Amino acid sequence: MPVDHPLVVISKSGSKRWISAVDTAARKLGLKLGMPASKAQAIVANLTMIDADPSADAAALERLALWALRQYSPVVAVDGTDGIVMDTEGADHLQGGEALLISGLVNGLRGRGLTARAAVADTWGAAHAITRVTSAETTVVPVGGVAKAVTALPIHCLRLPPDTIHGLRVMGIETVGELSAMPRAPVTLRYGPEVGRRLDQLFGRMAEPIEPLRTPELVEAAKHFQEPIGAAETIAKYVRRLVGELTAKLETRGLGVRRSDLVIHRVDNIRQCIRAGLAKPVRDPARLSKLLCDRIEKIDPGFGIERLVLVAIMAEPLEERQAASSLIEEPIVDVTPLVDILGNRGQRLYRVTPVASDVPERSVMRIGPTADETGATWAAKWPRPSRLLANPERIDVTALLPDQPPAVFTWRGKRRRVRRADGPERIFGEWWLRPREHAAVRDYFVVEDEAGERYWVYRAGDGVDADTGSHLWFLHGVFG
Amino acid sequence: MSRVHSPRVIEELRDRIAHLEGGAAKKAAVLPFGVREMDERLPGGGLAYGALHEVAGGGAGTVDGAAAALFAAGIAARSKGKVLWCLTRRDLFFPAIAQAGLHPDRVIFCEGDKEEDVLASMEEGLSFGGLAAVVGELVRLPMVASRRLQLAAEKTGTMGLVVRRWRRQTEASDFGNPTASTTRWRVSVLPSEELPVAGVGRARWLLELMRVKAGECAEFELGACDAKGRLCLLPHSANRPDTSTWKGSRAS
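Read top to bottom, the protein sequences are chains A and B. Position one of the first sequence corresponds to residue 15 (my numbering), numbered consecutively onward. Position one of the second sequence corresponds to residue 10 (my numbering), numbered consecutively onward.
Honestly, the hints are just simulated from the structure, not real lab data. Do not take every clue at face value.
FRET-style restraints, in silico, Cβ to Cβ [claimed, not checked]:
| no. | chain 1 | residue 1 | chain 2 | residue 2 | range |
| --- | --- | --- | --- | --- | --- |
| 1 | A | K53 | B | D122 | 40 to 50 angstroms |
| 2 | A | M220 | B | G90 | 49 to 59 angstroms |
| 3 | B | C226 | A | S371 | 42 to 52 angstroms |
| 4 | A | R84 | B | D122 | 23 to 33 angstroms |
| 5 | B | T179 | A | R126 | 49 to 59 angstroms |
| 6 | B | S182 | A | K237 | 24 to 34 angstroms |
| 7 | A | D348 | B | S182 | 18 to 28 angstroms |
| 8 | B | E49 | A | A250 | 22 to 32 angstroms |
| 9 | A | P416 | B | G210 | 20 to 30 angstroms |
A short, non-exhaustive set of chain A residues, derived as facing chain B with CB atoms under 8 angstroms [said to hold, decoys possible]:
| no. | residue |
| --- | --- |
| 10 | R365 |
| 11 | V378 |
| 12 | E387 |
If you're wondering where the values come from, they're calculated on a predicted model, not measured in any experiment. Cβ atoms here follow ideal geometry from the backbone N, Cα and C, with glycine treated the same way.
Just chain B, with the same shape it has in the complex (with noise of 0.2 angstroms):
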């Protein structure tokens, strides 16, 4: 085959795989990070509506899911509409959520006693239309109920938002089965950016892109959402302390 002829190969490929996915009639509806080597990184240039997205935490965060949670708060913060958030545990601290820019009035929280209680009301969520987003607490995600999730998504164009975390730390591998979600995430602390005084400064994550649908993984260092959701590229810095440390903890 001749090298000459491939990118128009390639391109008609392309656009019969994007007609058998269906995606084609909902084309760039997507929400844009604003990061451009983030953006770049996904197909559309940002994340998609109409499909669900998985983020779990690393470390310590598999339990609590503290950087998680405030990483799909952020996107929801940005997206334009109201909000359904699942949950079975009350532990999250709206304050926090709205200092990344989700405003109280636009979320509606959804409190069912289990897992499935949580499913079913976001695909409920998911179907009604006329939502931006849906964000769900989840244990386990099988792919059955990640496929009904992703076709109620596809279906209205509202975003699912899967926030994964787990009773032990040990149990986090189940991250790795598969599942129907467009793209999953996962959001590690990191340790908060220098100041010249003493202090606590702006909370740095690692996140790391493990998979997505026609695109290719990525880890990104960054800055933790701002008052209005953003996340911004950190510069690496090179007289970083010890990474080796958080490196080795994530990978326990």
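One chain only, chain A, in its complex shape (with noise of 0.2 angstroms):
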């Protein structure tokens, strides 16, 4: 189907039919939500219309929530028919911050064809009302701005029955800011606490904890507490008596543990989490106890902690192997668990593997820690520095042109006598990827100064053609 052509979704109750998506072509002919179909198709000819089907919407929206409780965020949960809410508190650094989560996860639904607009804000019902308001894509509100960010918002975005917002419009109130300015007591004798209710929880005076999804699928496994515990050691055993709860459930149904998460619900109603990621499907729960009880330390448990829930977010098939044993053969080591261990810790674990390129800075590329083994090593034969440069620095420089190596040269303000030099080793511009390296040549020679110290030296450019480089000097790496 083409882009262009306007398209709409057709809500049906009895005998009313009313559109209720539009897409960008179709509201550009002027096409509203909520306007009657007959009118629609009287407006625009050929319309293609499709029947609303609330049911299967839903489906997919609690399919794009567990998606997102995989990704992003142990507390996830559908918000109304048209939005997903989740707790990125504790959840925003594993994507580098909350601007970063939020762009990440609408880019990551653009590539699935979706279009979003997220927001990050103190409060569900700020969060709520502002991506359902505002045209920007993503917006974060920061700590305590909140009061700020909502008061020109209309309010029909305060999650408010229909009838109220209509009311409250018939007095002349149009944005959130005019409606918290009312004295509270008339507008709960005349539309009821609910909208006391919802502006309280807007403007954080009033907690409202997301109930997080949980699907059948999901093994989980949950501890009730008679009297709120606090002591490191309890909550250890704790968590390890969970965690043999969970691998017991998860081998009758021949499971391994991908990403767990442990969810702390202390006794102010506060909930915390500690997200635990695995390489490769495990169910030993020794491994699975230490990753978690590693960061107990994080927990906060305040005047107790009532309930502790240990769910198996992301679970994969795990067969049961037997171990190879041979006499002769050295066993192979698995890293795995000390890939977890670290990897949880926040460090950034990687293998670098070779690329077919002869520009020294992208002839290497970062793999995943337990990747295949490439076997793959760099075929270069000529010597490469063991430290280079992320930026090449410029060194003042006394050579002959076009291809003879520096006689002197001097880098951080040492001047150095060149005693010996190889080169040059000519390395060409990547055309075939980059069209403006069309022309590009750097010259690289090893140079050795009276003190043996050697250094990787480059000239940008062949010594002769202009086009080739700007004919200066650059230190790229220190030879061991």
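The two chains are supplied separately, each in an independent frame; assemble them into the complex guided by the hints.
Below, the structure is given as structure tokens:
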């Protein structure tokens, strides 16, 4: 179907048919939400109309929420009929901060063909309102900035019943700011307590916990405490017990954990989460409890913990395999437990692998620490420096053109006389990937000064043709 | 005391000391350098597994740690198994490390934001077992931290290698402070091997064994790591150009 063809979704109730969703092309033609279907057909000839399927929409939204639960945050729930709400507290740093988290989320959804708007705010109500009213794709409301951000918003984003909204409009109240400035008692008398509650939730005066989405497929183990617990040893003891329960449940289904969340419910109705990810599906209680107990010091028990829930958010089939036993061969050590421990502490783990590129800084690629072994290594016979500067540094050089190594160079304020040198090793720009490098050339030299220190220097350009580079000299690496 | 008894007495005392040090059970787990003169100087005839070893560069190498990293890579290359390399700065260029014989498939990098992360990751790696060596690039190595690493290494028999590199050359005096590591090395670059033609020959190092438990300090002039991580001893060349310059620069 062509993209510029107008498309609307039609909802039905009895014999009444109206538009419940429009695409950009249809909006440009003047079609609006709530418009009767017959009127829309009158405005736009051969309009494509699709019957709404609320149950399929809800199912799709739940699938989306489940995806977000696995990817972004341990506490995710479906928000109304058209949104997802998630608690990013303690989960944003994994994506590099709040702004990066939501822009990554929106981009990820766009990659799946979905347009989304996202906002991060102190309260559920504020985030809900901002995403539904502002046109910006991502909004981050700074901590404590809710009151300022929402005053100008219209009242229909307050999650109130349509009748109440209509009634308030009749009274001449259009924005959240106006409504919150009204005396509370008459408003409550006329429209019920819902208006005050929503306002309090919006401004964070009333807690609004998010009940995380759970599906029957998720395996979980929970423990309620008669008396709230708080000591680290006690928490560790019960975490181990929960892990035992969880692994036993997983075993009956033949699954292994890839990602698990420990949700800690405090007596003061505050929820904390510890998420542990694993490189491979695992069902070993010792490994899993080590990962979780490793971060017990991150838990703030406050006045005590009344409930611990351990969920296997992501589980994959795990088959028990017989360990290959051999008397001659050396056992292959599985490093995934170590990778899991370090990775869950927030260390960046990676291996490197060669890339077929002559440009030194592009010849190394990072891959996952448990990626398959390729056996490939760098083919270059020429010596390479063991330290490569991220940005080549300018050096002042006395050298003969076109292809003589420098005789003297000054790097970081120190003048060095070159005793021995090798080169040039000419490296061409990758014009087949980057058109700008069509003529670019670097001539690399290995130079050794009087003290025996060896450096990798290059001249941008071939020494003859000015198109090939600036003919400035740079120091790119230090040899060991 | 008569001199006739002394060898036996000394032997006995050595046994007792070894027993006290607790290393008796895991003796002989060493990685020889393959250079006789070096292995003779090290107790057990090589670099001990299950111990912490410190390497630093000399001169400008205190800041870039290029030669020290290559030296550590050569040792790791000659060991068998996976290697964990913990660092905070990302200027290590792996093609050079691969040229010292360490295959990229064998090395898992662990990049942290702070020095403490490197220490914690190293300890975790050492106590994991199953790794051949754990390399860490560190500025500071306090006594307590080094003892923890040494103990973790002793427990599993994994070799710990600390590449010390500082932000400024003047900070390198820190290398004199005591740590619990078993050996301490300093690698300084020497003018490379003379070639009959113009060009840069095999790199040469002045390797100083500054400290070794139950052994004596020594200095070696060596040819740098070859493609399999091996070093080689170089004959002293009588007509070598003025060595006083690099000796002087090292002392500064």
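Chain B contact restraint for A:R365 - C-beta distance below 8 angstroms = 6 angstroms, holds
Take the C-beta atom of A:P416 and the C-beta atom of B:G210, compute their distance, and say whether it sits inside 20 to 30 angstroms.
-> This hint holds: roughly 25 angstroms between Cβ atoms.
Indicate whether the distance between the beta carbons of A:M220 and B:G90 respects the range 49 to 59 angstroms.
-> Between A:M220 and B:G90, where Cβ atoms are some 58 angstroms apart, the hint holds.
Could you check the hint for me, namely that B:T179 and A:R126 are 49 to 59 angstroms apart, CB to CB?
-> Holds, at about 55 angstroms.
That 23 to 33 angstroms hint for A:R84 and B:D122 (C-beta), does it hold up?
-> 26 angstroms, holds
Given the hint of 24 to 34 angstroms, check if B:S182 and A:K237 actually sit that far apart at their C-beta atoms.
-> 55 angstroms, violated
Close enough to count: is the Cβ of A:E387 nearer than 8 angstroms to one in chain B?
-> 4 angstroms, holds
Any CB of chain B closer than 8 angstroms to the CB of A:V378?
-> 5 angstroms, holds
Is 42 to 52 angstroms a correct range for the gap between the Cβ atoms of B:C226 and A:S371?
-> 45 angstroms, holds
Range hint compliance [Cβ, B:E49 to A:A250, 22 to 32 angstroms] | Violated: the Cβ-Cβ distance is about 50 angstroms, outside 22 to 32 angstroms.
Could you tell me whether the CB distance from A:K53 to B:D122 stays inside 40 to 50 angstroms?
-> For B:D122 against A:K53, whose Cβ atoms are near 60 angstroms apart, the range 40 to 50 angstroms is violated.
So does A:D348 sit 18 to 28 angstroms from B:S182, Cβ to Cβ?
-> Given about 43 angstroms between the Cβ atoms, the range is violated.
Hint check: violations occur at hints 1, 6, 7, 8; the rest are consistent with the structure.
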